[in-house]
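Chemist: Chain by chain, the residues:
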Amino acid sequence: MNIKKMSMILILILIMGLMSCSQGGGAEELSYDGNLVLVGLSEPVEIAFNDIYKMISVSETYKTITSSGEEITTEVVGVSLNQLLETYDAKLSDFSSVRGVAGDGYAIDVPGEILADKDILLIWSEDGETFDEKKQPLRMAIHDERAMYWVSNLMTIEFISEKKVVIKESTETVDLSQILFIEAAAKAFDVQEITYYETEDIGVQVTDLLTLANPSDPVVFVATDNFEKTETLEVINQGLFKLTGDNAPLFMSPDLPKGMHVKYILQMITGDTAFVSEMNALEVYSEREVKNQTGVALEDVIAGAGLNAESYLIASTDGYEVEIAAKDLVEGILSLHEDGYYQVKFSDALAKNTNVKDVLSIKEGSGANVVEVESTETTTEDVLLGVWTVEVTGLDDGAFEFTSERAERKLDRVTIETIKTSKNGDSATEFWEGYKILDILAFLKVEDFESITVIAADGYSKEFTKEDVDMNMILGVVKNGAPLEESDNLVQLVSKLPSNTWIKGIVKIEVK
Amino acid sequence: MKGIHLVIFICLVLLVGMHTGDEYEIYSNGGIRIHSYEVGDIVRVYIKDQQMIQIVDTTAYHDHLIYAVTIESGEIRDVTIISHQETEDYGDYIETDWFVDRLLLKCNELLEVVKLSKKAPNQVVAITGATITSQALVNGINECIENYRRYLDEY
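Protein chains in written order, with the working numbering: chain Z, 1266 to 1777; chain E, 931 to 1085.
It is worth saying that the hints were derived from the structure and are not from the lab. Where hints are given, some of them may not hold.
Unchecked claim - The calculated lysine-lysine pairs, modelled on BS3-like cross-linking and capped at a C-alpha distance of 30 angstroms, are:
(1) 1452/Z - 1523/Z
(2) 1383/Z - 1556/Z
(3) 1523/Z - 1048/E
(4) 1528/Z - 978/E
(5) 1777/Z - 1727/Z
(6) 1045/E - 1270/Z
(7) 1675/Z - 1528/Z
(8) 1049/E - 1528/Z
(9) 1399/Z - 1049/E
(10) 1710/Z - 1688/Z
(11) 1523/Z - 1622/Z
(12) 1773/Z - 1761/Z
(13) 1036/E - 1528/Z
(14) 978/E - 1523/Z
(15) 1688/Z - 1622/Z
(16) 1769/Z - 1617/Z
(17) 1523/Z - 1617/Z
(18) 1452/Z - 1048/E
(19) 978/E - 1400/Z
(20) 1452/Z - 1773/Z
(21) 978/E - 1452/Z
(22) 1628/Z - 1710/Z
(23) 1036/E - 1452/Z
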């Protein structure tokens, strides 16, 4: 081999070495047929993937967070989308959101809040490895953002700008004025059966829930892990809230890519309304105990939704309302009742009638009907209930006259579903409200007993063993929503036992 | 010399021929292949007693989706996914038992893909987020049902 040939080989090796060491060059060895489609710019743009690979690239250390919360740091190589947009006289912060669409239909909107601060890299390599077939030709990468934004197999980028005007107008003109609790509100509508993967769940159409509000763009979701996502009403109207099972409440639609579903919703804010999940509120806000019941701080629920007023009108699904001063919220909790509904409950500092069962909404109050601390104000509900007295005997300290007023003030009224069987054998379901016998005995400090004998005004009596006296044995005062009105039967013993054991017009209970 | 070349050539042809087997035979359950029923996306049909086993090669969301459908006594008894290229965490749920169980229905009606919940016996709820894959699978099964009906009519 002569010197000339040797020199040529050395020069070639040197050139190759220099090329491999150079920074900022494109990935010229990569090749992928097809074009990246950019929609929403001044005119539709298509750029060959092979041309993107040849653009001046950047290498960065990026961090992402997986759906399970794991942080992954990776060395990425790609091109800056902001730099690419310069050619079209645009930048990411011009848009309210950017939607990355993968070849398999996966799509995700990167919200304006992220675009305002961060660039998107269109990458073709991670940790020195180019992508396999499934991730090719490009992947979106945003530093310190969730992995769901890192769309692989990227084929289209949609730049959405028209909503920005709406958002500005909306936020300037609409103030939040009410919280609607999703689980309670959904009861007013037909449930939708949903087969979600391998489970059977139920849900409700979002359009149904929105009839209770004055919705407007944007719609902002907040999940229990503080994940926030902005959507448009147009998208929201296509979906459902899955209320049971995994990820509930889950915003979903079979017509939307899975990447646009939102799981573990804490709240969805649109227009003047924050739709709040009671179930998830109990998971995230600080615990508080009121009257031996654990719930979450009511003021946290209200502040978390962004509602701010001098007083609040708290309403039940049955229309019962109570107005509470903002300063008294610290006495209250949102809690789950054992019968499966959510309730607002206040400490003894407030009158018992401030407790709201199956709470539906919390709205800005007018201040006109605020319940004062230690108030003895009565409600229509109270007035409608009959006045009765039941003497309880066999107590350690003798007898006690248990009155309707004391029952309503000191005990929770519960609802049970019973079956009433008539003499001819016909059965009918009845819903009874009343006070648990066990609660009454606990209130009267009865620690143990063998049986109770319940005696009616007409002298009829029946003994029940301790086993009979369960959580479903009550002194019933409201039947199928109507208070008992017959003067000789204002309080009746009902239970899940056969209805021929029920006793009307109770006047006395003997504890043994 | 020419004779030797000819012998070698014939031997090669025979050898190649011996190695060209039926790649789907393992799904045949020992049944007899009936070429005349191999139409459309149905690439193999085997009959064993009352059982009709059909191999479908169709296009789903990504590339080929190949599966075996066993019909017996008017019911879909089994669906076995042989190969697919569907996306992980989306269409690849077609291999799960819970989804295959949804397909084991009577053949008196063609199957219908629905998106949220089943309202009729012939309906199959699509995999959440993978309607196209589910539809492709059900389309192929419907071809198999029609083929099965044709077979019953003719025999």
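Chemist: Against each hint, give a clear statement of whether it holds in the structure.
Modeler: Each hint, compared with the structure:
no., hint, verdict
1, 1452/Z - 1523/Z, "26 angstroms, holds"
2, 1383/Z - 1556/Z, "49 angstroms, violated"
3, 1523/Z - 1048/E, "20 angstroms, holds"
4, 1528/Z - 978/E, "48 angstroms, violated"
5, 1777/Z - 1727/Z, "13 angstroms, holds"
6, 1045/E - 1270/Z, "70 angstroms, violated"
7, 1675/Z - 1528/Z, "40 angstroms, violated"
8, 1049/E - 1528/Z, "26 angstroms, holds"
9, 1399/Z - 1049/E, "36 angstroms, violated"
10, 1710/Z - 1688/Z, "38 angstroms, violated"
11, 1523/Z - 1622/Z, "36 angstroms, violated"
12, 1773/Z - 1761/Z, "21 angstroms, holds"
13, 1036/E - 1528/Z, "36 angstroms, violated"
14, 978/E - 1523/Z, "42 angstroms, violated"
15, 1688/Z - 1622/Z, "35 angstroms, violated"
16, 1769/Z - 1617/Z, "27 angstroms, holds"
17, 1523/Z - 1617/Z, "46 angstroms, violated"
18, 1452/Z - 1048/E, "22 angstroms, holds"
19, 978/E - 1400/Z, "43 angstroms, violated"
20, 1452/Z - 1773/Z, "39 angstroms, violated"
21, 978/E - 1452/Z, "54 angstroms, violated"
22, 1628/Z - 1710/Z, "39 angstroms, violated"
23, 1036/E - 1452/Z, "36 angstroms, violated"
Consistency with the previously given hints fails for numbers 2, 4, 6, 7, 9, 10, 11, 13, 14, 15, 17, 19, 20, 21, 22 and 23, ordered from lowest to highest.
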